[in-house]
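Chemist: Sequence:
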Amino acid sequence: MVVKYEFEHKCKQSNARVGKISTPHGEFETPMFMPVGTQATVKTLSPEEVKSLGSGVILSNTYHLWLRPGADIVEKAGGLHKFMNYDRAMLTDSGGFQVFSLSDLRKIDEEGVTFRSHLDGSKLFMSPEISIGIQNKLGADIIMSFDECIPYPADYDYVKKSVDRTLRWAKRGLDAHQRKDDQALFGIVQGGVYPELREYCANELKKHDFDGFAIGGTSVGEPKEVYKEMLDMTMPHLPYDKPVYVMGIGSPVFILEAIERGVDMFDCVLPTRIARHGTAMCSNGRVVIRNAKYKEDFTPLDEECDCYTCQNYSKAYIRHLFHADEQFGQRLVSIHNIRFLIKMVEDSREAIRNDRFVDYKNEFYKKYGLDENSKTNF
RNA sequence: GCGGCUGUGGUGAAGUGGUUAACACAGCGGUUUGUGGUACCGCCACGCGCGAGUUCGAUUCUCGUCAGCCGCC
271 MVVKYEFEHK CKQSNARVGK ISTPHGEFET PMFMPVGTQA TVKTLSPEEV KSLGSGVILS
331 NTYHLWLRPG ADIVEKAGGL HKFMNYDRAM LTDSGGFQVF SLSDLRKIDE EGVTFRSHLD
391 GSKLFMSPEI SIGIQNKLGA DIIMSFDECI PYPADYDYVK KSVDRTLRWA KRGLDAHQRK
451 DDQALFGIVQ GGVYPELREY CANELKKHDF DGFAIGGTSV GEPKEVYKEM LDMTMPHLPY
511 DKPVYVMGIG SPVFILEAIE RGVDMFDCVL PTRIARHGTA MCSNGRVVIR NAKYKEDFTP
571 LDEECDCYTC QNYSKAYIRH LFHADEQFGQ RLVSIHNIRF LIKMVEDSRE AIRNDRFVDY
631 KNEFYKKYGL DENSKTNF
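Just so we're aligned: the first sequence equals residues 271 to 648 in my numbering.
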């Protein structure tokens, strides 16, 4: 098996677990947060910086790289790792999310999805075979099934129809996969908020030799309670000896709730996106760095953080950079936010090993200024 | 000293004899969850240089006054 999951320990307080995933480009401990580098770059950061933050794996995106610069060019460069000079594990999303996020420009049928390019308006067609073919050329260590990420809310009949189609697409992708020796393929569980559909989808996927499983259709605007229900109705039906990945979650609350339920991997643009707009995730809650109250605050974003930004720069300075529209500010907050989440999963792993993850989570929430039942998703 | 032009929020700048003075930028606050994000959403002049007059009503008309700019002595 290309990607091997090794279980290490399950926390006595919950289903949270610690393990290790090995790939052709190194191994990483789980639970792990994966920064997103959609266009073969984690925006504003160099690969060396990303590595120094403690991430063992980053994402890139099939749809975006397909449009630009094109899969053939990445392949000619020697694959995504060489092209962007990143030698650790990488994962590519299938383009399935774009079916959702670009929904005003798409048409879905059994064969695949017809898009209109967001770059030049040209008509494009994506199918499971095309997505897997592109991902084979890109060469990430973990590639994803081409699925339909259903919006929330969606009615039962539509979700049922969509899940069946996603399952047929998953099988087609598996059949089309040409690099089973060095690229792991994960299946994606959909099913919206319906327990029987989630269970059904998981059970059908388990019949095939996927290397890991993802839970999709989350973080599409649903309330936190609904999110937790979707995890609860899905996790029991996934095999314990394979990695589990919840797609697209990045707020501390969503991540910690996933870890508590035994999830191993998560990715999100949230830390880097909000960083570029001046919001930092800190142990005492969010810091909107443009705020006037930081004008003369010469302390770090987060006194408890060990990142480059917090070791060297003050809120007043970073605030100045944002008001002066200087790019260095975006870099500094991006570095901090990614490190913050990775430090959070590092601390989670330690807590799990010490059988006190739920205590850790509650302590984190209290300091962050919220509790498990607060309404905010962040 | 004389003549002309102009005076609207932090800035630039619309506008009208009569409901809440357009817009932009800045400022202030918020949003962002498998990145279509130099994005998005709020708030921000009880007042239109000052004073008086005309009018039912004036930022808008008239007179005076002050300030700035331009020109002429």
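Among these hints, one or two may not hold up.
Unchecked claim - Straight-line alpha carbon distances no greater than 27 Å define the calculated DSSO-like cross-link-like pairs of lysine-lysine that follow: (1) K290 x K613; (2) K498 x K282; (3) K613 x K636; (4) K352 x K377; (5) K477 x K441; (6) K498 x K321; (7) K352 x K450; (8) K280 x K477; (9) K476 x K498; (10) K494 x K321; (11) K282 x K321; (12) K282 x K637; (13) K274 x K563; (14) K450 x K377; (15) K636 x K563; (16) K498 x K430; (17) K352 x K431; (18) K441 x K563; (19) K613 x K313; (20) K431 x K393; (21) K563 x K280; (22) K290 x K563; (23) K494 x K477; (24) K637 x K498; (25) K282 x K494; (26) K377 x K290; (27) K393 x K321; (28) K290 x K450; (29) K290 x K321; (30) K393 x K346; (31) K498 x K393; (32) K393 x K377; (33) K613 x K637; (34) K352 x K274; (35) K377 x K274; (36) K431 x K477; (37) K441 x K476; (38) K450 x K274.
Bear in mind the hints are in silico, worked out from the structure with no lab data behind them.
Chemist: It remains to establish, for every hint, whether it holds in the given structure.
Modeler: To see whether the hints hold, each was checked on the structure:
A C-alpha spacing of about 17 Å is found between K290 and K613, which places the hinted pair at or below 27 Å, so the restraint holds. Of the supplied pair hints, the one linking K498 and K282 holds, its CA atoms being roughly 20 Å apart against a limit of 27 Å. Taking the CA atoms of K613 and K636, the gap is about 17 Å. The hint holds against a cut of 27 Å. The suggested pairing of K352 with K377 is violated, with an alpha-carbon distance near 34 Å, which exceeds 27 Å.
With a C-alpha separation of about 10 Å, the suggested pairing of K477 with K441 holds against the 27 Å cut-off. A threshold of 27 Å between alpha carbons decides the hint, and for K498 with K321 the separation of about 31 Å lies outside it, so the pair is violated. Only pairs whose Cα atoms come within 27 Å are accepted, and K352 paired with K450 is accepted, the gap being roughly 20 Å. A distance of roughly 26 Å separates the Cα atoms of K280 and K477; the hinted pair therefore holds under the 27 Å criterion.
Restraint check: the Cα-Cα separation between K476 and K498 comes to about 22 Å, which is no more than 27 Å; the hinted pair holds. Note on K494 and K321: the hinted pairing is violated, with a Cα-Cα distance of about 31 Å set against a maximum of 27 Å. Proposed proximity of K282 and K321 is contradicted: the alpha carbons are some 31 Å apart, above 27 Å. With a C-alpha separation of about 23 Å, the suggested pair K282 and K637 falls inside the 27 Å cut-off, and the hint holds.
Restraint check: the Cα-Cα separation between K274 and K563 comes to about 49 Å, which exceeds 27 Å; the hinted pair is violated. Among the hinted pairs, K450 with K377 is inconsistent with the structure: their alpha-carbon atoms are about 30 Å apart, more than 27 Å. With a C-alpha separation of about 23 Å, the suggested pair K636 and K563 falls inside the 27 Å cut-off, and the hint holds. About 21 Å separates the Cα atoms of K498 and K430, which keeps this hinted pair within 27 Å; it holds.
A threshold of 27 Å between alpha carbons decides the hint, and for K352 with K431 the separation of about 40 Å lies outside it, so the pair is violated. Taking the CA atoms of K441 and K563, the gap is about 55 Å. The hint is violated against a cut of 27 Å. As the CA atoms of K613 and K313 are separated by approximately 20 Å, the hinted pair is consistent with the 27 Å bound. Taken as a hint, the K431 and K393 pair is honoured in the structure, with Cα atoms around 25 Å apart against an allowance of 27 Å.
At roughly 43 Å between alpha-carbon atoms, K563 and K280 are farther apart than 27 Å, so this suggested pair is violated. The straight-line distance between the Cα atoms of K290 and K563 is roughly 43 Å, outside the 27 Å bound, and the hint therefore fails. At most 27 Å may separate the alpha-carbon atoms for a hinted pair to count; K494 and K477 exceed this at roughly 31 Å. The suggested pairing of K637 with K498 holds, with an alpha-carbon distance near 21 Å, which does not exceed 27 Å.
The straight-line distance between the Cα atoms of K282 and K494 is roughly 24 Å, inside the 27 Å bound, and the hint therefore holds. Only pairs whose Cα atoms come within 27 Å are accepted, and K377 paired with K290 is rejected, the gap being roughly 39 Å. This hinted pair does not check out: K393 and K321 have alpha carbons roughly 37 Å apart, beyond 27 Å. Taking the CA atoms of K290 and K450, the gap is about 20 Å. The hint holds against a cut of 27 Å.
A C-alpha spacing of about 17 Å is found between K290 and K321, which places the hinted pair at or below 27 Å, so the restraint holds. A distance of roughly 25 Å separates the Cα atoms of K393 and K346; the hinted pair therefore holds under the 27 Å criterion. The straight-line distance between the Cα atoms of K498 and K393 is roughly 37 Å, outside the 27 Å bound, and the hint therefore fails. Taking the CA atoms of K393 and K377, the gap is near 11 Å; set against the 27 Å cutoff, the hint holds.
For the suggested pair K613 and K637, the alpha carbons sit about 15 Å apart, so the restraint of at most 27 Å is met. Of the supplied pair hints, the one linking K352 and K274 holds, its CA atoms being roughly 23 Å apart against a limit of 27 Å. A threshold of 27 Å between alpha carbons decides the hint, and for K377 with K274 the separation of about 37 Å lies outside it, so the pair is violated. This hinted pair checks out: K431 and K477 have alpha carbons roughly 19 Å apart, not beyond 27 Å.
Between K441 and K476 the alpha-carbon distance is near 11 Å, which keeps this suggested pair within the 27 Å criterion. Restraint check: the Cα-Cα separation between K450 and K274 comes to about 13 Å, which is no more than 27 Å; the hinted pair holds.
Consistency with the previously given hints fails for numbers 4, 6, 10, 11, 13, 14, 17, 18, 21, 22, 23, 26, 27, 31 and 35, ordered from lowest to highest.
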